[in-house]
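As a plain string of letters, each chain reads:
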Amino acid sequence: MSSFLRTAVAVFWKDLAVERRAKEGANALAFFAILLLFLFYFALGPDSDRIRAALPGLFWLAFILAGVLGLGRAFALERENDCLDGLILAPADKGAIYLGKLAGTTALMLAMEVVFITATGIFYNLDIWTAVPRLLLVAFAGTVGFAAVGTLFAAMTAQLRAREVLLPVLLLPLAVPVLLAAVKLTDLALAGEGWGPAWPWWQLLLGFDVVFLVAGLLTFEFVLEA
Amino acid sequence: MIQAEGLTKLYGAHVALRGVTLEVPAGQVLTVLGHNGSGKTTLVRVLATLARPTAGRGQIGGHDLVEGRDQVRRLVAVVGHSTYLYDDLTPRENLAFAEALSGRRADRRRIDAALTRVGLDGHAGTRVRALSSGLRRRVALARAMLREPRVLLLDEAFSGLDQDSTKRLEDYLHAFKAGGGAAVVVTHSLGRALAIADLVAVLAGGRIAAQAARASLTEEALQQLYLGVTDGTA
Amino acid sequence: MHRFLGGLAVVLLALGLWTGLGWAPRDAVQGNVQRIMYVHVPAILTGYVAIGLVLVASVAYLWTRRSAWDRVAAASGELAVCFVGLTLATGSIWGKPTWGTWWTWDARLTSTALLFVIYLGYLLLRSVVEDPDRAATYAAVLGIIGALDVPIIHFSVEWWRTLHQPATVLKPQAPSMDPVMLRALLVNVAAFLAAFAYLAARRYRLLALRAEALARLVGSP
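Quick mapping for you: the protein sequence lines, in order, are chains Y, H and F.
Counting in this note's numbering, the first sequence runs from 1 upward without gaps.
Counting in this note's numbering, the second sequence runs from 1 upward without gaps.
Counting in this note's numbering, the third sequence runs from 1 upward without gaps.
Just so you know, these hints were derived from the structure itself, not from any lab.
Honestly, I wouldn't trust all of these hints.
[What the hints assert, rightly or not] Each pair of labels, with its calculated beta carbon distance range:
#1 Y:Arg-161 x F:Leu-182: 44 to 52 Å
#2 H:Gly-119 x Y:Leu-218: 40 to 48 Å
#3 H:Arg-129 x F:Trp-102: 52 to 60 Å
#4 Y:Glu-164 x F:Ser-92: 27 to 35 Å
#5 Y:Ala-76 x F:Trp-102: 23 to 31 Å
#6 F:Leu-123 x Y:Asp-47: 25 to 33 Å
#7 F:Ile-93 x H:Val-66: 45 to 53 Å
This one's a predicted model, so the numbers in the text were calculated from it and none came from an experiment.
Ideal Cβ placement from N, Cα and C applies to all residues, glycine included.
Using the sequences provided together with the hints, build the complete structure.
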């Protein structure tokens, strides 16, 4: 295994190990997601058609809100005992560290998304189960794109005082293309449409993923060592 | 081994370091004395490549602190009040992670040997969160040892250490010196850090106010040097 | 140089005012309202130029670490917000008589609003970070990421509108423009670019003087 991959895997594994031990973080995130489910229900009322129509937007609103919290946590962890300095001091490729943090956040968000999708099916009493494989595919692609930009800005804002507000303010407008494409693709997946109409949106979403993964790999070093 | 010429660091309008010039040959220890706010921590951060000097240049092992920072990082270990430890991992896991970050395969036997050397063999599998602060500092020391550094940078590494830990740190520093390593030890107290020094410098207001070989100074001369300089600027 | 740029901008803006309000013909469909185009279109074009300059200066800063590039990025970033903001304001004013509403989720308006928010965030980030070197680096990264996002936002919002409800979006400009109108527009574009160059140069100078003063302050014992 090359040292680049070894570093990336080590960072990823370390983040998962910490999340597994410090259960309060992951659990609180899942709890937050389910709470959102209730709030959406109160906000929209019991009309199941209305909920069904709003569902793609609700999914991604929940994913993104929880994602911002998850990103903040991923770097709050590195602030303890100045671990961020420890990462900088390591003679490792900073791109590998970026990839590891990105993978960790993506895994955490995906776990939360699975909980949310399952809870939605159960609590809203909707038959979404056949669409689940495609939903997960969309969730994965959208989450990677969101986390690709998010990891960069979370690393940046983690070192600032106004981080809690600054992260969403910087990140959310940049992530609008992910939101638009993912909501549309979720809508098509739930409707059981063919792949045809989804194709341009897949291109957009995957294009976003690739552009910002590369940009993140190249610029993370500057953010970390600023 | 360590050379710096005119190192200056500004944070906005605040001057943390002002033209610091120093040299530490292999096998020697430079102890830098200074009060809080004198620029000690900034000096360590610049030498460790954690902060980029605004002006001036420095080298460690012949590598520039800015352009050659990746090579510098392979040679240097930092021990200080920040432990760089993850509280939810065990000491063994923390060291394994540090090894992987250095691009090395984590070798369980080497890691356990380092932990034994700092007297932590009984705690290798306990979460860092459950350890006392003295034991945490020892884990950090073990991690530094594991890197087999050529240069050590110690930032107040002796303050708040229990007797046993102090002894282990001193033993390690002696062995490190004997092995040809160079170290910069910054501290605000005229204590343990001086016992091991070959060179002494006093930092005040970001400037090296005085510099001398340890052997040329009596204890009183040293105290006067330190107090005289710091009283003048405080 | 500054004086020349300033003079050029004033002359061109005056000329642009006259060509836009007097010389160019009244629009056959929209009437005099359409004349706001002579501000609206040059503003957004200048805004794009400013965003492009932020991108170039940001890459150059990360590459060379010269604070001069950071000052170029800072000056352009502020002007990007100004000109994109002007676009939004004029678009809104134009929208009221033509579409009957101050705001509509038209594709262009929406993506322009997003640009405005992103570069407002850019200025916010600059103001929040205390250490100037760190502020410059962070801003440079955001300047690059933001510029990369501009085309993606543009396409995603365009598709999002058209694939939802095709062709209901009003297109203010006729597909082919009257040649006199086009010339009047070009004069105004030149005027806005000259104004941008002048303002950016002045802002750059101010930032350079401030850095110089700071260096002198710090250099003195």
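Cross-check of the supplied hints:
Here the CB-CB span from Arg-161 (chain Y) to Leu-182 (chain F) is close to 51 Å, well matched to the stated 44 to 52 Å. Checked against the hint of 40 to 48 Å, the pair Gly-119 (chain H) and Leu-218 (chain Y) passes, with Cβ atoms roughly 44 Å apart. Range check, Arg-129 (chain H) to Trp-102 (chain F): about 56 Å between beta-carbon atoms, so the 52 to 60 Å window is met. As the Cβ distance of Glu-164 (chain Y) to Ser-92 (chain F) is approximately 32 Å, the hint placing it in 27 to 35 Å holds.
Range check, Ala-76 (chain Y) to Trp-102 (chain F): about 41 Å between beta-carbon atoms, so the 23 to 31 Å window is missed. At about 43 Å, the CB distance of Leu-123 (chain F) to Asp-47 (chain Y) disagrees with the hint of 25 to 33 Å. In this structure the hint that Ile-93 (chain F) and Val-66 (chain H) lie 45 to 53 Å apart at CB holds, the actual value being about 51 Å.
When the structure is compared with the earlier hints, violations turn up for hints 5, 6 and for no others.
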